[in-house]
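Protein chains in written order, with the numbering used here: chain V, 1 to 324; chain S, 1 to 164.
Think of the hints as simulated: they come from the structure by calculation, not from any bench. Among these hints, one or two may not hold up.
Heads up, incomplete: computed chain S residues facing chain V, CB under 8 Å, no partners named [as the list claims (entries may be wrong)]:
1. Leu28
2. Phe29
3. Pro52
4. Leu59
5. Val71
6. Phe72
If you want the ones that stay clear, here's a sample from chain V, every Cβ over 10 Å from chain S, calculated [said to hold, decoys possible]:
7. Ala20
8. Ala55
9. Met59
10. Ala67
11. Pro96
12. Pro303
The model shown is predicted, which means the values in this text are computed figures rather than measured ones. Just so it is clear, CB atoms sit at the ideal spot from N, CA and C, and this is done for glycine as well.
Single-letter residue listing:
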Amino acid sequence: MAWHAIEAFIVLNVLLGLVAYVTLLERKFAARMQSRIGPYYVGRPHGWLQPIADALKLMMKEDIVPATSDRAVYNLAPIVFLVPCLLIFATLPFAPTLGVADLNIGVLFFLAVSSLEIVGLFMGGWGSNNKYALLSAMRAVNQIISYDLPFIFAALVPVVLAGSMQMSSIVAAQQGLWFVAYPLIGQLAFLAFVVATLAAENRVPFDILEAESELVAGFRVEYSGMKFALIQLGEYAHMLGTSFLGALLFLGGWLGPGPAALGPLWLLLKAMVIFLLVTWVRWSFVRIRVDHILAISWKLLMPATLVLLLAAGFVVATRGAGGG
Amino acid sequence: MTLEAVGFWVVAVVLLASSLAVVLTPNLFHAVLYLAAALVATGAIFLLLEQPFLFAVQLLLYAGGVVTIVVFAIMLTERLIGERVRQTSRHLVNGAIVAAAVFAGIAGFLLRSPLATPRPGPVDDATVAIGRALVGPFAVTLELLGVLLVTALLGALYFARSDE
Chain V
1 MAWHAIEAFI VLNVLLGLVA YVTLLERKFA ARMQSRIGPY YVGRPHGWLQ PIADALKLMM
61 KEDIVPATSD RAVYNLAPIV FLVPCLLIFA TLPFAPTLGV ADLNIGVLFF LAVSSLEIVG
121 LFMGGWGSNN KYALLSAMRA VNQIISYDLP FIFAALVPVV LAGSMQMSSI VAAQQGLWFV
181 AYPLIGQLAF LAFVVATLAA ENRVPFDILE AESELVAGFR VEYSGMKFAL IQLGEYAHML
241 GTSFLGALLF LGGWLGPGPA ALGPLWLLLK AMVIFLLVTW VRWSFVRIRV DHILAISWKL
301 LMPATLVLLL AAGFVVATRG AGGG
Chain S
1 MTLEAVGFWV VAVVLLASSL AVVLTPNLFH AVLYLAAALV ATGAIFLLLE QPFLFAVQLL
61 LYAGGVVTIV VFAIMLTERL IGERVRQTSR HLVNGAIVAA AVFAGIAGFL LRSPLATPRP
121 GPVDDATVAI GRALVGPFAV TLELLGVLLV TALLGALYFA RSDE
């Protein structure tokens with residue numbers, strides 16, 4: 001009991017540090033893509049103190065609550081948004097025995113908890129009592145209804161192939177062959193997973209709910225100081241969590257050459273590959289119109305992932321009892 | 001009191017308070033938020049009963065799904081009409097009387113029945129049991145539910161079609 005609490009505390013803190021440095025990674029990566037240098041002067045070399053400076057700055061900023069806002073809802077929204085984003089890490093194992101809780105329904109827990117994030121999002125959009133924030137929250141609800149299902153179906157393909165919803169047994173099932181290397185089904189499911197991830201994280205090209213040029217910053221336009229920081233933190237934690245999930249489901253988790261002790265490093269590396277893949281798409285594409293976004297989800301991703309799920313079922317059925 | 005009992009009472013109080021708030025608050029949007037809290041608390045009850053599968057399904061379908069759709073409906077209607085839709089609760093007293101009667105009935109039943117049945121030991125993996133039940137004894141029911149949902153979908157499409 002006590003050990004679990006300590007373990008969770010350690011994971012949470014390592015995670016928060018990781019989240020802070022993921023922002024630096026993204027800024028450096030984006031800068032590289034645009035032939036810039038990126039953060040440089042705060043902590044040489046290469047601005048390695050920048051995330052800490054950012055956090056200090058945000059903590060010292062004035063906290064503004066709009067006079068016409070729905071006060072309680074507005075103040076609670078960042079917390080309601082952040083908690084599910086951190087909770088998703090509860091079932092992510094970092095090595096066969098390293099993790100807070102390796103539930104037998106790990107994948108389902110992840111999907112269920114991350115679907116709660118939207119509650120905080122529309123609380124913020126509504127509570128701000130600002131038309132941009134409200135429009136953004138409406139678009140968010142729209143988009144999440146559309147992309148939750150393809151995301152779940154894509155994540156279920158490895159579950160069907162492994163015959164388990166427990167993260168550690170899904171990784172164990174990839175001992176011979178990573179699921180991303182599974183002929184056809186693996187690659188298509190991974191593609192669908194990445195696209196649905198982009199949409200679930202509200203990243204370009206699916207960022208109509210932030211859309212700087214029309215909605216300023218969307219549902220968080222009124223937030224400032226630490227509340228803004230909490231929302232940013234939640235968003236990046238969610239991105240990191242989804243990257244870890246993708247690494248566990250498709251890229252073989254901690255499997256890799258070298259001794260087993262290197263496992264967490266391999267997992268981190270794979271998660272970073274997915275994170276950078278998503279970032280790469282973000283900085284390369286333009287925003288898609290809202291009707292196109294909905295069409296991609298309902299007319300392409302949804303039927304495609306359903307067919308993939310069926311195909312995975314057939315594979316397991318023909319393979320016999322081998323899948324467990 | 002064990003930790004489990006403390007957890008139960010905390011969750012029970014949250015569940016009751018938020019459920020009451022759903023019907024009593026005049027603000028429609030707040031009512032939805034209380035509903036979300038009540039649904040999450042229900043999920044926590046499942047968790048206390050050591051059924052993480054039901055907890056996850058409860059969160060995914062109700063707190064994540066149903067609440068989102070209700071919010072969608074409110075956002076589409078309320079702000080577009082331009083005036084706030086207030087929730088009015090008529091027959092408060094009658095409702096309270098019926099609720100109290102139901103509570104008294106159930107409580108009386110529970111108090112008089114001998115609670116000799118020990119708590120069944122935890123199933124190895126309830127998820128597997130539920131899955132087998134859904135494709136075994138309850139397969140027809142499941143298929144009928146599917147037909148019902150498809151009918152509802154078609155009905156929604158019929159109402160949403162554009163007038164041409």
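Structure-based check of all given hints:
1. Leu28: Violated, about 11 Å.
2. Phe29: The hint holds - Phe29 (chain S) has a Cβ within 8 Å of chain V, the shortest such distance being about 6 Å.
3. Pro52: With Cβ-Cβ at 5 Å, under 8 Å, it holds.
4. Leu59: 4 Å, holds
5. Val71: 5 Å, holds
6. Phe72: For Phe72 (chain S), the interface hint holds, since the closest Cβ of chain V sits about 5 Å away, which is under 8 Å.
7. Ala20: 28 Å, holds
8. Ala55: 29 Å, holds
9. Met59: Label holds. Min Cβ-Cβ 28 Å, cutoff 10 Å.
10. Ala67: Holds: least Cβ distance 18 Å, greater than 10 Å.
11. Pro96: 19 Å, holds
12. Pro303: Answer for Pro303 (chain V): holds, closest chain S Cβ roughly 15 Å.
Against the hints set out earlier in the document, a violation occurs for number 1 only.
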